[in-house]
Structures are given as C-alpha cells and as structure tokens.
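Participant: Protein chains in written order, with numbering that gives the first Met the number 0: chain X, 0 to 218; chain Z, 0 to 438.
Since the hints were derived computationally from the structure, they do not count as laboratory data. Be aware that a few hints might be false.
[Unchecked claim] As a list, the in silico DSS-like pairs of lysine-lysine whose alpha-carbon atoms are at most 25 Å apart:
#	chain 1	residue 1	chain 2	residue 2
1	Z	K88	X	K37
2	Z	K92	Z	K375
3	Z	K434	Z	K310
4	Z	K202	Z	K159
5	X	K52	Z	K336
6	X	K36	Z	K27
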Amino acid sequence: MHALFNLAVGPLAWLAFALFILGSAYRLMAMRALALKKDASFVAYISWPHALKSLAHWITPFGALGWRENPGVTVVTFAFHICLFLVPLFLMGHIALFDAFHGWSWPALPDTVADTLSIVVVAACLYFLWRRIAVPEVRFITRTHDWLVLALVGATFLTGVLAYHRIGDNLFMTTLHILCGEAMLVAIPFTRLSHMLFGFFSRGYIASEFGSVRHAKDW
Amino acid sequence: MKTIADRLIEDVGLRRGVDRLTPEKIQKVFKELVAGECGARMKTYMETCVRCGMCAKACHYYMSHKDPSYTPVAKVSQTMWRLFDADGKVDPKVIYECAQVAYTECNLCRRCIHYCPLGIDTGYIISVVRRLCHKLGVTPQYIQDTAHSHSATMNQMWVKDDEWPDTLQWQEEEAREEFPGLRIPLDVEGADFMYSVIAPEPKFRTQLIYQAAAIFNAAGVSWTMPSTPGWDNSNMAMFTGDSEIMARIERAHYETAQRLRVKRIVMGECGHAFRAVYDVGNRWLGWKWHPVPVVHSVDFFWQLIQEGRIKLTHKYAEPVTIHDPCNIIRGRGLMEKLREVTHFLCENVVEMTPNREHNYCCCAGGGVINCGPPFKNVRIVGNSIKAEQLKATGVHTLVAPCHNCHGGLEDIISKFGLNMHTKFLGDLIYELMEKPEAE
Chain X
0 MHALFNLAVG PLAWLAFALF ILGSAYRLMA MRALALKKDA SFVAYISWPH
50 ALKSLAHWIT PFGALGWREN PGVTVVTFAF HICLFLVPLF LMGHIALFDA
100 FHGWSWPALP DTVADTLSIV VVAACLYFLW RRIAVPEVRF ITRTHDWLVL
150 ALVGATFLTG VLAYHRIGDN LFMTTLHILC GEAMLVAIPF TRLSHMLFGF
200 FSRGYIASEF GSVRHAKDW
Chain Z
0 MKTIADRLIE DVGLRRGVDR LTPEKIQKVF KELVAGECGA RMKTYMETCV
50 RCGMCAKACH YYMSHKDPSY TPVAKVSQTM WRLFDADGKV DPKVIYECAQ
100 VAYTECNLCR RCIHYCPLGI DTGYIISVVR RLCHKLGVTP QYIQDTAHSH
150 SATMNQMWVK DDEWPDTLQW QEEEAREEFP GLRIPLDVEG ADFMYSVIAP
200 EPKFRTQLIY QAAAIFNAAG VSWTMPSTPG WDNSNMAMFT GDSEIMARIE
250 RAHYETAQRL RVKRIVMGEC GHAFRAVYDV GNRWLGWKWH PVPVVHSVDF
300 FWQLIQEGRI KLTHKYAEPV TIHDPCNIIR GRGLMEKLRE VTHFLCENVV
350 EMTPNREHNY CCCAGGGVIN CGPPFKNVRI VGNSIKAEQL KATGVHTLVA
400 PCHNCHGGLE DIISKFGLNM HTKFLGDLIY ELMEKPEAE
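Work out the full structure: start from the sequences and follow the hints.
Facilitator: Next comes the structure, spelled out in structure tokens:
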C-alpha cells in the first residue's frame, strides 16, 4: 500500500497533471482550429463585450432566467462548483504535499472550513444523484457516462472527507482519494467534465450572437 | 417512460421517405453531413451538455404536457444523441422519429438558451436534424410542398408570375376607392424602400397589402414593390433543412432590392421571414451583414411614428396585450419598439408574463404550423401554457406582429375558448390613423 501511495503522489501525480494540462490545452486549441475551419460564419460574430456581459449574469446566482426558474439546482450548483474549486486548491493537506515535493506554498483554508466545504460537495453530489433518479426529466436524459462522472467526483470528495476524519484505514483511504482525484483531473479534458473548458466559450459565443446580431439578452 | 416512439403520427411524406432508406444509406449521409457541415458548435454541444434538465421549463411543449420526453434536451437525446451514439447507422424508423421531433415538436424559438448555463443552442441542433432528414428525403408532406413551391416559383404558395402583379393591382384598385390618389408602385427604381411580404398575403390575406399601401400612402413615403419573383420574403426551405433552396430564395430577394436600387428592404409583419433574411440567408450566401439593409415592420412603424408621419384619430380604447414573436424579439431585439408602437396606438396595454425575450412561443413557428393538419392538434394541445398565459391577462385583444404567431395563437384561442382576437400592428394603424384624402 505504501508503494501504491508513493506511486500515486509521485509518477501518477505527474502524469495526471500533465494529461490534464496538456490535454486541456490540446482540446482547446483543436476546438479553436475546428471552429475557425468549419464555423467561420458564426465565429465572425464573436463579440467579447457581449460575451463578458452575459457571462457576468450567468456566474451570478439567480442572474439568469434559467437559474431563477430552477432555484434548488441553482443554489446547489453554485455551492458545488465554488467548493469544488476552493477545496482542492486551498486545502492544507494539498498545499503541504506541494510544499514537500516542490517547496511551493500558499495560504490555506482553516481545516474545519475546508472540511465543511468538502462535505458540501459530497452533499451536492447526493442531490445530483437524487435528481438523476427521482426527477423524470433528468432521468430521461441520464446515461452511463453521467453516472460515472458523478461517481468520480463524489468518490474523490467522499474519500477525502473520510481520510480527514480518519474513518477506515487511513493509508488506504488517502491513496484511494489521491487516485480518484487524479482520475478526475485526467477526465476533465476528455469527458463531459470538459464543460469546464468549453462552457465559457459556448456561452460566450451564443451571447455574441444574441448581443451583436439579435440585440437581445441571453440571460 | 414514454418517448417519441409512443406518439408517432402518420404522414405520407415521412412514411414514403423512410421506406426508401437503409441503415447504410442513413449512415453515409449522416457522416457526410457531420464531416461537411458540422464543426465546433456541434462537437461542443454534444460533448458538454451535463444533462441537468434545467432547460425543461423553457419549453412550452414540456410546460404543457409535463412529459419528460418533450424537454429541449430530451428532443436532442431522442435525435442527435442517438445518431451520434450509433455513428449514424440507425434503423429507418429512427429517422421517422427524428423527423417528427425535429419538424413538429420544436419551434426553434430559442427560449431554451435562456435556461442553459452552457448556452447550448438546441434550436441549432434540431435544425441540423432537419437538415439530415431533408438530405434523406424524409420531410412532412405539407411543408415539403411549400419548399417545392419556393423551388419552382420562388414563392411559398404557388403564386404564378402574372397572379402577383395582378393581385397588387387589384388591391390598388380597391384601395383607390377609399384613397383616390393611392398607388402600389411597382418596380420604381431608386425608391426609399422595397416592401416585401410573405406569399400567404397575396394568396389569402390580401387586406394586409391593402392596409400597408394605405399606411404608406398616408405617411407619404417613397416605396415600391417588385413585380417579379423575389417579392416573397418567406422561406420554408430554411425550415425543411433545404439550405440550397433557402439560399436561392434569399439571393433572389436581395438581388431584387439591388435591381431596384432601393435604400432598404422593409418587411411585413412576419417573424420567420425576418429570421431568414436577417440572420440565416446572408450567412449561407457569405455576407456577414446584409447587402441591402433590412427593416422589420415593427421597426419601420416605430420610425414613422417618431417622424410624426402617422397621426391617429383616436387611440384603441379596449385593453390589449402584446405577444412577443421569437424571431423579432429573441431574433432582433424589437421588444421596446413593439411596446412604444403599441402604447402609441392603444390606451391600455396589459403585459403578459413572462414577456419580452422570455415570452412563451406561439407553437406555430419554426415551420411547425406548415407541417399541416396531421400535426395540428399536437401543436395546439402542446401549448396550453400559452393559453394560460393569455387567459391571465384578462384582455380580449392580442397584438402579435407575426403571421405564424397569428395562426398559432388563433388556434389556441379557439381550442381553449379564450374569447380573444389577434391583431397585427398594421390592422390597428389602419383602423386608427387619420385618412386625410379618404372619400
């Protein structure tokens, strides 16, 4: 188990970060090239001012019609995504790893706060799980891919919380947590999680169409 | 859970189309379409949709039926996702289902863009499904007939070349009994604007041409109508997925305006025609903007009012409500001008909720009403949410500056017993304006 742990925090971590960063860069550049090649009569209308204005509405809770009409999803989605970013980046345990291996260090969230935020993510995953099972219009469109992605994110944070609270074998739980986290990183550019990369552009594009051609708001 | 397969409607165009298909043929056409015409938008939309279901509440079909197979994302899941999952190799019956969803259960109204955090353009995806069905020869017979008419006559309603100027002259003659000096000027080079209408106007709504002529006459503007093909600004080929015919129609329309050397094109109160001329045809033809400026009637009436060219004898006294047509509101942002014109004409305007960009669709547009009788009941029952929205205003007059909206709303009004009647802005202006030279 120690060997696996060392593998996970060593070579696999390098591999995961490399695949995540290079994979994301490749996907973004390839998509840009495809857009220029095949969607020229749509790319022509891209307008950053309109895109940014629309994005400002969409990253504000209840700032767009879709958010206002789906209040439950809105609250959970925002809480989920905020915590999803804060915890991995500002958790003391993560910073300690970077400090140990590379000598990089930055301010951390207090442990209890990070713990609470992680539990929020797990709770949000349970909410999404419940929606996929119980809400007919969500169940209708749910496929295997959606279960896997949700399970991957949920497992990463759940194992993190369990490891922090020392529930179960700590080395095993920590190793599992690291492996899940690495799998999630790698999954970002190559699965539905790529909405993290492309979502701002797809929203920005349609906002440009609405703003500069159709002179109507898209939020 | 129910799917499109549980509510198939027999249509001879769809049936005969799929009877000619094999999975191999479908796959070949699908792959060519994806490789040739789809790019980053389709790829991104297919990949990033997180299947959150937030768009459900955007769609009038879902809001009316509360059936999960009618949500925007469900329509994509029953069409494009299936095709991509199978790499296009599907049974012909799947194409029947795709066609019924794409042509008759989505109005391409784009309301769902206000609901999707990722900005996925479901209307675009459904348009590509239609494009595939068109390429496979699977289109509902009624709308295909209008596309054939466009192809053969350059207008939607099989209006013959001589019937068109004849109709205009007939309307001119009628109008001259009321306004002795009125003309419907044909082919006047260098006029300020060319007025174009949709083919149903000469076919069965000729009074709209009469009214427009009366308004332009009273306003003292310099205008003309073409006597040749290119006069029809409607475009059903855009909705069948026949981009080639769509572009021919738009080219003829622009080139007619160029031949007449007008400063701009003013279009009648139609929504889809405006979408075709303003937002779609130019792109296919390779123009970023329009070779001749394009103005919708709502915008034009607003300008006439600003210039003091329309004077009223009185305002419309009864309360009215405003229906915002998708193609000129989400498609051109005319919501405020529509209100200013309506308030200029009417004493009492009651807003419906939601309104402006967030308005519910009429459920007739996007070619759905043009798919004809087999699908009529679906689009009427599929818009009970609109009936509720209209009823809640408590008024009896509905202003809707779009032909398709008129058709759809009148059907809903009659089905749900709403005791309302629809009006174009032109109807109101004609009724209320000063007619100085009228006899």
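Participant: If a hint holds in the structure, say so; if it doesn't, say that too.
Facilitator: We went through each hint and held it up to the structure:
1. Z:K88 with X:K37: Judged against 25 Å, a Cα distance of about 24 Å means the pair holds.
2. Z:K92 with Z:K375: Answer holds: Z:K92 to Z:K375 is near 22 Å, not above 25 Å.
3. Z:K434 with Z:K310: holds, 9 Å
4. Z:K202 with Z:K159: holds, 11 Å
5. X:K52 with Z:K336: OK: X:K52 and Z:K336 at ~23 Å, within 25 Å.
6. X:K36 with Z:K27: Distance ~22 Å between X:K36 and Z:K27 Cα, so the pair holds.
The structure fails none of the hints (numbered hints given earlier).
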